[in-house]
Amino acid sequence: MTKRHNRMMLVGLLVSGVFLAGYLGIKAFSENLLYFYTPSDIMTGKAPNDKSFRVGGLVEDGSVERDGMIVKFSVTDNLESIEVSYEGILPDLFREGQGVVASGSIDKECIKAWAGMKCSRTFNATQVLAKHDENYMPPEVAAALESLESKE
Amino acid sequence: MWKWIQRQASPKVFYHTCNRLVPWFFWPFITLLIVGLYWSLVISPADYQQGDGYRIIFIHVPSAILSMMVYAVMAIAGGIGLIWQIKMAEVVAKVSAPIGAGFTVIALATGAIWGKPMWGAWWVWDARLTSELVLLFLYLAYMSLNSAFDNPRTAAKSSSILAIVGLINLPIIHYSVKWWNTLHQGYSVGTGGIKDPDMQIALALMFVASILLYALLVTIKARTEVIIREQNSRWVEEEVRSLMS
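Chains as they are written, first to last, in the working numbering: chain F, 1 to 152; chain R, 1001 to 1245.
One thing to keep in mind: the hints can contain errors.
Listed next, the in silico BS3-like pairs over lysine-lysine satisfying Cα-Cα at most 30 angstroms (straight line) [stated by the list, open to error]:
1) Lys1116(R) to Lys72(F)
2) Lys51(F) to Lys27(F)
3) Lys1178(R) to Lys27(F)
4) Lys1157(R) to Lys3(F)
5) Lys1003(R) to Lys3(F)
6) Lys46(F) to Lys1157(R)
Read the hints as simulated data drawn from the structure, not as lab findings.
Build out the structure end to end from the sequences listed, making use of the hints.
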């Protein structure tokens, strides 16, 4: 009886120890586990400046411009937005309003304006992935939802 | 109650229980699989964005859920084996590992096949995909550790500890899409993400079919494992005799 209780205690300790270690590990590495940063993160300076990283958000409506193979669009999280330029083939799901994740780095260009410096930031993407959301529905439902939204 | 459990856990009774259960899992599984596939591929409407490509979720989502469920069963059975020294729990844990690994491989493969056209990449190192890959490695580690010992009791002891340690990965997989920004989409199941009732029914059918498939495979494999472990006992000898005659 006592032996079984001993084993129960050991297994219990093992489980709680592992979960504590996991919790601490996750807390410590949380930053590295982010797959992408949002445009707001970039504006508040959370994104790395010197190395390449990923930015994720929605393609802003009406922002897509094509110039040969080069595509320029804005990625937004509905608070901030950043301009992205990309040369290459886009995935099938890419469209305005779609979630995307682009990897690359920030180019900061500053030009002298008459009142100090005027800086524009462009994200130079080397890869653009479409991010699908969790919604699955037939086209009729999607159309109905859209007409509901436009009525509001 | 305790007596009843002990009786059920004796190898002979356990073997006969498995024998009896096999057809009870087999026929419902076949029926649900056929109905589920028909519902997934024919009755369910196409998606508004992905067209017919989304239909892979009817395999992907059940396999991914099962890959985690089987791991939980494996670790809990291993824990029961450690604490109460029930040999049949060790058998269930051992035979569950390759089945769970199979579900994990299916989930990863179907995800990659879907990811290439939809995202534009076969694989990305986001938290969800990486933690699911770690789950596959845990299964492989469990299987190799279990087969590294000659004595099945020692093997069960050490591999069960590994399985319990690996339990930490399950909440990480589940909450990865919530805790971190991932390329993988968030929860579709249980949040109203799947808006069409036919899609929901198809997914539910395929999910139950997957559970039945797991139960079926466990009973078949556990049967064999018990016979191997008890090969020198009298009841196995009698069993074999009665089969031969």
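Hint-by-hint comparison with the structure:
no., hint, result
1, Lys1116(R) to Lys72(F), "holds (23 angstroms)"
2, Lys51(F) to Lys27(F), "holds (23 angstroms)"
3, Lys1178(R) to Lys27(F), "holds (14 angstroms)"
4, Lys1157(R) to Lys3(F), "holds (15 angstroms)"
5, Lys1003(R) to Lys3(F), "holds (19 angstroms)"
6, Lys46(F) to Lys1157(R), "violated (46 angstroms)"
The structure fails to meet hint 6 from the earlier list, while all remaining hints are met.
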